[in-house]
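Kindly produce the complete structure, drawing on both the sequences and the hints.
There are 2 protein chains.
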Amino acid sequence: MNDIKPEHPRAESLQTRKKLADGFKKGLVTPEGLSAHGRGEAFDYILGEKTTKQAKKAIRAGAAELLLAEKPVFSVNGNVAALVPEEISELSKKTNIEIEVNLFHRSKEREEKIASHLKDHGLDKVLGTEEKHSSEISEIESNRRIVDERGIKAADTVFVPLEDGDRTKNLVSLGKKVITIDLNPMSRTAKSADITITNNIVRAMPLFIKELEKLKESSQEKLSKITKNFDNEQNLRKMLKLMLKRLENLSHR
Amino acid sequence: MNDIKPEHPRAESLQTRKKLADGFKKGLVTPEGLSAHGRGEAFDYILGEKTTKQAKKAIRAGAAELLLAEKPVFSVNGNVAALVPEEISELSKKTNIEIEVNLFHRSKEREEKIASHLKDHGLDKVLGTEEKHSSEISEIESNRRIVDERGIKAADTVFVPLEDGDRTKNLVSLGKKVITIDLNPMSRTAKSADITITNNIVRAMPLFIKELEKLKESSQEKLSKITKNFDNEQNLRKMLKLMLKRLENLSHR
Numbered sequence: 306m307n308d309i310k311p312e313h314p315r316a317e318s319l320q321t322r323k324k325l326a327d328g329f330k331k332g333l334v335t336p337e338g339l340s341a342h343g344r345g346e347a348f349d350y351i352l353g354e355k356t357t358k359q360a361k362k363a364i365r366a367g368a369a370e371l372l373l374a375e376k377p378v379f380s381v382n383g384n385v386a387a388l389v390p391e392e393i394s395e396l397s398k399k400t401n402i403e404i405e406v407n408l409f410h411r412s413k414e415r416e417e418k419i420a421s422h423l424k425d426h427g428l429d430k431v432l433g434t435e436e437k438h439s440s441e442i443s444e445i446e447s448n449r450r451i452v453d454e455r456g457i458k459a460a461d462t463v464f465v466p467l468e469d470g471d472r473t474k475n476l477v478s479l480g481k482k483v484i485t486i487d488l489n490p491m492s493r494t495a496k497s498a499d500i501t502i503t504n505n506i507v508r509a510m511p512l513f514i515k516e517l518e519k520l521k522e523s524s525q526e527k528l529s530k531i532t533k534n535f536d537n538e539q540n541l542r543k544m545l546k547l548m549l550k551r552l553e554n555l556s557h558r
Numbered sequence: 306m307n308d309i310k311p312e313h314p315r316a317e318s319l320q321t322r323k324k325l326a327d328g329f330k331k332g333l334v335t336p337e338g339l340s341a342h343g344r345g346e347a348f349d350y351i352l353g354e355k356t357t358k359q360a361k362k363a364i365r366a367g368a369a370e371l372l373l374a375e376k377p378v379f380s381v382n383g384n385v386a387a388l389v390p391e392e393i394s395e396l397s398k399k400t401n402i403e404i405e406v407n408l409f410h411r412s413k414e415r416e417e418k419i420a421s422h423l424k425d426h427g428l429d430k431v432l433g434t435e436e437k438h439s440s441e442i443s444e445i446e447s448n449r450r451i452v453d454e455r456g457i458k459a460a461d462t463v464f465v466p467l468e469d470g471d472r473t474k475n476l477v478s479l480g481k482k483v484i485t486i487d488l489n490p491m492s493r494t495a496k497s498a499d500i501t502i503t504n505n506i507v508r509a510m511p512l513f514i515k516e517l518e519k520l521k522e523s524s525q526e527k528l529s530k531i532t533k534n535f536d537n538e539q540n541l542r543k544m545l546k547l548m549l550k551r552l553e554n555l556s557h558r
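Chains A and B supply the protein sequences, listed in that same order.
Just so you know, the first sequence maps onto residues 306 to 558 in our numbering.
Just so you know, the second sequence maps onto residues 306 to 558 in our numbering.
Be aware that a few hints might be false.
Where chains are identical, the list cannot tell them apart; a pair therefore holds if satisfied intra-copy or between any two copies.
Calculated lysine to any residue pairs in the SDA-like style (CA-CA distance at most 20 Å, straight line) [claimed, not checked]:
1. K355 - R322
2. K324 - P336
3. K474 - N537
4. K550 - M491
5. K418 - E435
6. K355 - R493
7. K358 - L373
8. K474 - L319
9. K362 - D499
10. K496 - A316
11. K496 - L555
12. K458 - S440
These are computed hints drawn from the structure, not numbers from a lab.
Quick caveat, the model's predicted, so the values are computed rather than measured.
Set out below in C-alpha cells:
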C-alpha cells in the first residue's frame, strides 16, 4: 500500500492503517493491536471520520485537566506510539508531563523498541523501561500493573489513550484523574474515565496540543471551571445519539 | 489463543480471528487485512453476530445470479483465502465458477501462497497467478486492475467478497454483475454491488453453497425472478435500521 491515492475518499483512514501496519512490521504493534484498530475504524466510520463538537469539548477539558495536574503522565502502548509519535514528543516539550511506556501484551523487547521509536521522533526521556524503577499497582490484574515508580505510580493525572477497560477503572479507583481517547462511547474505558475524547487519536492529538497552547496562560480558576463544567456521562450520551442519528440519516438516503 | 472455550459468549468470533491470525502467520494475510477484519468484527458485533433475514435474502439472490451467469468468477484475497478455503473449493466443484486470486496489496509471493493454500484445501485450478495470462482493466486504479484474462477480465458475473469500494464500482461500470459480502451496509462496496450480503463471510459462505444446491435445478425463469425481485438498496436500508435498533438497545444497557 505504498500508493494510497490522495483522492481516494478514505485516504486518511488508509494512511492511518498503513502507519499502524508499519508499526507492526517494526515490532511496536501486536496483531491484537491491529484488530483493535480495525474496531476503532468502524466506530470512526459511523461517526463520519470527523472531530465532533463533543470531542472538541472533551479535548478542551482534558487539556485543562492536564494543566491543573501536578504530576501528569502520558501512557503509551504500541498503537499510540505507531500513530502519534511526533505529537507525544511535542506534548512532552510543552508541558511537565512524563511519558511512560506501558503495555498490555508486555515484552521487554517491545518496550524498548517503542521507547527508541519515540526517541527517534524527538522525545528525550521515556519512563517504563528500566527494571530498577519498576513498581506494581496491585489492584491491576493484567501485565499493565507493572508501572514506573516515577511515572504512573506517582501520578495524579494519567492520560491513557486506547486503553483497556479494567485498567482505566483501576486507575480511577486509585484516585487518579484519567483522560482517555476512545472511539467507542459505549466501552468500559469510555465510561470509567473522567474525561473521554471520542475521536480518532490522529485527529485528537494535534487539537489537544493546540488547546494546551491556548489555555497555558489561563488562571487555575479558569481551568478548574472548564473541568468542572465538563460532564463525561452527558458527553458520551451525546456522542451515542450522534452515532444513532448518523446511522438514521444514512438509512434514509 | 489455542484454547478458546466453546462456551465463551464470543467463541465463534474468536475462532474466526484465530483463523485470520494463522493466515497471517502463513503469509496469506497482510497487517492491513488484520485491521480490516477488526473493522468487520465491530459491524458484526453491532449486528448481533447473526445471519439476518435480509442476509438470507441476499444469499438467495446471489446464488440465483451465479447460476444464471455464463462466466462467473470468484475473486479471492488474503482474508477470504484464510477464512473460507474449504467453501471456495466446494463452490468450484458445484458450479462452473472460476477461482481467481486478486490482491489489493499485490505480491507474487503472496499470490502463490494463497493459490497453494487453496489447493491444499481441495481446489484444482486457480487463476490469477500466471504472468502469461495477466491482463489489465485500465479503469481500475489500484493493483487490483491486474486480472487474469481467462477470469475476471472475461467474466460476466464476479463474486468479490471483502472488496474495496473503487474496484466494486469499476467492475459494475464495466457491465459485470457484482455479488459481494460486506459487513458494513454503508460502504461504497455494499452500495455499488448488485447484490450485497451483509454478513460475516464465515457464516455466509456455507449458506450460499446450500442455497446453490437448492436452486440448481430451477428454471432460468425462476432464477431470473429471484434476482429481479431482489432490491439491494432496500435490503441495505433494512440492515442499517437493524444496526440502529441494536445500537439503541446496547446504549440502554
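For each hint, the structure was consulted:
1. K355 - R322: within (16 Å within a copy, 27 Å between copies)
2. K324 - P336: Both. Shortest intra-copy (14 Å) and inter-copy (11 Å) distances satisfy the 20 Å Cα cut-off.
3. K474 - N537: within (14 Å within a copy, 41 Å between copies)
4. K550 - M491: both (16 Å within a copy, 14 Å between copies)
5. K418 - E435: For K418 and E435, the Cα distance is within 20 Å only inside one copy (13 Å; across copies 40 Å).
6. K355 - R493: between (22 Å within a copy, 18 Å between copies)
7. K358 - L373: neither (23 Å within a copy, 50 Å between copies)
8. K474 - L319: between (32 Å within a copy, 18 Å between copies)
9. K362 - D499: within (13 Å within a copy, 42 Å between copies)
10. K496 - A316: between (30 Å within a copy, 19 Å between copies)
11. K496 - L555: between (26 Å within a copy, 11 Å between copies)
12. K458 - S440: Intra 7 Å, inter 60 Å, cutoff 20 Å: intra-copy only.
When held up to the earlier numbered hints, the structure conflicts with hint 7 and nothing else.
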